[in-house]
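Modelling step: build the complete structure from the supplied sequences, incorporating the hints.
Quick note on numbering: the sequence shown equals residues 1 to 571 in the UniProt record's numbering.
Keep in mind that the hints were calculated from the coordinates and are not lab data.
As the structure is a computational prediction, the values presented were derived from the model and not from experiment.
Where a beta carbon is used, it is the ideal one built from N, C-alpha and C, also for glycine.
A hint or two may mislead.
[To be verified] In the SDA-like style, the derived pairs of lysine to any residue whose C-alpha atoms are separated by at most 20 Å in a straight line are:
1) K18 <-> N231
2) K319 <-> I282
3) K533 <-> L254
4) K43 <-> L143
5) K136 <-> E175
6) K283 <-> K415
7) K386 <-> K415
8) K46 <-> P84
9) K33 <-> L81
[Claimed, not checked] Distance ranges between label pairs, derived from CB positions:
10) E85 <-> T225: 55 to 63 Å
11) Q241 <-> D350: 42 to 50 Å
12) A39 <-> S208: 25 to 33 Å
13) P349 <-> S208: 27 to 35 Å
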Amino acid sequence: MTNYIKGIAASDGVAIAKAYLLVEPDLSFDNEKIADASAEVEKFQKAINTSKIELTKIRNNAEQNLGADKAAIFDAHLLVLDDPELIQPIEDKIKNDQVNAPTALTEVTDQFIAIFEGMDNEYMKERAADIRDVRKRILANLLGVELPNPSMIDESVVIIGNDLTPSDTAQLNKEFVQGFVTNIGGRTSHSAIMSRSLEIAAVVGTKSITDEVQQGDMIVVDGLTGEVIVNPTDDEVIAYQNKRERFFEDKKDLQKLRDEESVTLDGNHVELAANIGTPNDIKGVLENGAEGIGLYRTEFLYMGRDQLPTEDEQFEAYKEVIESMEGKRVVVRTLDVGGDKELPYLNLPDEMNPFLGYRAIRLCLDQPDIFRPQLRALLRASAYGKLNIMFPMVATIQEFRDAKALLEEERANLKQEGVEVSDDIELGIMVEIPSTAALADVFAKEVDFFSIGTNDLIQYTMAADRMSERVSYLYQPYNPAILRLVKQVIEASHNEGKWTGMCGEMAGDEIAIPLLLGLGLDEFSMSATSILKARRQIKELSQSEMQELANRAINAATSEEVQTLVKQYTK
Numbered sequence: 001m002t003n004y005i006k007g008i009a010a011s012d013g014v015a016i017a018k019a020y021l022l023v024e025p026d027l028s029f030d031n032e033k034i035a036d037a038s039a040e041v042e043k044f045q046k047a048i049n050t051s052k053i054e055l056t057k058i059r060n061n062a063e064q065n066l067g068a069d070k071a072a073i074f075d076a077h078l079l080v081l082d083d084p085e086l087i088q089p090i091e092d093k094i095k096n097d098q099v100n101a102p103t104a105l106t107e108v109t110d111q112f113i114a115i116f117e118g119m120d121n122e123y124m125k126e127r128a129a130d131i132r133d134v135r136k137r138i139l140a141n142l143l144g145v146e147l148p149n150p151s152m153i154d155e156s157v158v159i160i161g162n163d164l165t166p167s168d169t170a171q172l173n174k175e176f177v178q179g180f181v182t183n184i185g186g187r188t189s190h191s192a193i194m195s196r197s198l199e200i201a202a203v204v205g206t207k208s209i210t211d212e213v214q215q216g217d218m219i220v221v222d223g224l225t226g227e228v229i230v231n232p233t234d235d236e237v238i239a240y241q242n243k244r245e246r247f248f249e250d251k252k253d254l255q256k257l258r259d260e261e262s263v264t265l266d267g268n269h270v271e272l273a274a275n276i277g278t279p280n281d282i283k284g285v286l287e288n289g290a291e292g293i294g295l296y297r298t299e300f301l302y303m304g305r306d307q308l309p310t311e312d313e314q315f316e317a318y319k320e321v322i323e324s325m326e327g328k329r330v331v332v333r334t335l336d337v338g339g340d341k342e343l344p345y346l347n348l349p350d351e352m353n354p355f356l357g358y359r360a361i362r363l364c365l366d367q368p369d370i371f372r373p374q375l376r377a378l379l380r381a382s383a384y385g386k387l388n389i390m391f392p393m394v395a396t397i398q399e400f401r402d403a404k405a406l407l408e409e410e411r412a413n414l415k416q417e418g419v420e421v422s423d424d425i426e427l428g429i430m431v432e433i434p435s436t437a438a439l440a441d442v443f444a445k446e447v448d449f450f451s452i453g454t455n456d457l458i459q460y461t462m463a464a465d466r467m468s469e470r471v472s473y474l475y476q477p478y479n480p481a482i483l484r485l486v487k488q489v490i491e492a493s494h495n496e497g498k499w500t501g502m503c504g505e506m507a508g509d510e511i512a513i514p515l516l517l518g519l520g521l522d523e524f525s526m527s528a529t530s531i532l533k534a535r536r537q538i539k540e541l542s543q544s545e546m547q548e549l550a551n552r553a554i555n556a557a558t559s560e561e562v563q564t565l566v567k568q569y570t571k
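This is the structure:
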């Protein structure tokens, strides 16, 4: 039966493919006594062998797609499967206590996990996580349940899940993954942002998609309108195939603007830059005619692994991006974890309000042993092109000064070691906390540039969690309060001869672009896939008219009034 579901359009495109459910399976079992212990041991050994075959395949896939460092996690899991000190006690328990394999597996591994977690040694604590992961796989094979694994997909699918973590999205192969749909999230959730980088259709915040879809159902995802159809009719499939064709034709048309400048009708140039997560995103940046990188999210270097990246690993990643851009500006954001971006191996504290807690620059200043290698890697990479560095979540001028002091210490250390470092690195901050926007005139005297992170600035200004569907109506990029803060930041930078960019999702929003143009924004940084559409739009706008629009918008009372004004000015 055909089912129609509405969510939030998160990434342009139309996908038509079978559903692949990325949900935790039910691994519950009955604690039963058994009659034939040797048959149960054989069943257990078979589950071990199947698990080895699966993990070897996953490991090889991970090495091919994500690199040797990510594959190392699965090497550790394979070692657990070969460890007689773990395997033998499980087999003994089946024989001696006459219990079924799932019971023996769970009881023995529980003991090992408790021992490892009780140790002071960080390395040993990580082994507990390895045993948990391996146990889940063996248990699934004992129960005949398939564990989802996005990196192993080898046919056209639409991913269906509650949410996608950054490490889930990092494993998606866009050759096969046509789109995805989630229960939770908004346009600015990390899964949505990653889907735009991967150029796959996405709808988020449906609330119930995982309850309404079976593995293998045919799914239509309309990332342009936020509509999802489960088991569409033949006519609907044809209609959406046509819509997908038109979408690709429009993309082809936009390619004609790839090498053109981003200039308004009245001759004013603005910079259109791209947001990226990894060096793999550079191909899309160049194909979409970006004039620079406005945000390199370095946290993806730290994710999907079991230890911090080394200074050399980071240096290679930054150097690759900077060299690829051939002298165009690359703005790198220093490590921004915490909030909804967790690194299990850091053992960050659980907090009531993680978005307002121990994250980003706060964590880096508190743990300079994590921060310094990143600063050194960035400084070393600066010799290969035009690098700008910005610090995230800065709330006070002292935080900026402390971060800058660490950077200057590492610059001096490198020069003393005879390492070449550029003398032309601009140093800026993300403006995403209202206190920083309010003091923009003070910050502008000390920083080289601002980059407004609207995803967080909006949620902090409106006191509305951007991950919560229930208060999503308060996530209002066009609210006059937000526009006034943006105006204040831009004017403060211009008064000091500095520039302001924006790397939040608002920068690529077709309703926001006329307003931001009128407010005098210098650089718009967005998902690479939005650049050519933004360029086409800017070429049809007069900046002087947009200034008039912006002046009226900041004096409006509501977000709706602002949207009505934009429509009047951009007919």
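Right, here's what the structure says about each hint:
With a CA separation close to 9 Å, the supplied pair K18 and N231 stays within the 20 Å bound. Only pairs whose Cα atoms come within 20 Å are accepted, and K319 paired with I282 is accepted, the gap being roughly 12 Å. Our distance criterion of 20 Å between C-alpha atoms is met by K533 and L254, whose separation comes to about 7 Å. Between K43 and L143 the CA atoms are separated by roughly 10 Å; this keeps the pair inside 20 Å, and the hint holds.
Our distance criterion of 20 Å between C-alpha atoms is broken by K136 and E175, whose separation comes to about 28 Å. The straight-line distance between the Cα atoms of K283 and K415 is roughly 33 Å, outside the 20 Å bound, and the hint therefore fails. For the hint linking K386 to K415, the alpha-carbon distance of about 19 Å falls within 20 Å, and the restraint holds. Only pairs whose Cα atoms come within 20 Å are accepted, and K46 paired with P84 is accepted, the gap being roughly 15 Å.
A hinted pair counts as satisfied when its Cα atoms are at most 20 Å apart, and K33 with L81 does not qualify at roughly 25 Å. The hint said 55 to 63 Å for the Cβ distance between E85 and T225, and at roughly 56 Å that hint holds. A beta carbon spacing of about 47 Å between Q241 and D350 agrees with the range 42 to 50 Å that was offered as a hint. Between A39 and S208 the CB atoms are about 42 Å apart, so this pair departs from the stated range of 25 to 33 Å.
For the hinted restraint 27 to 35 Å between P349 and S208, the CB-CB distance of approximately 33 Å keeps it satisfied.
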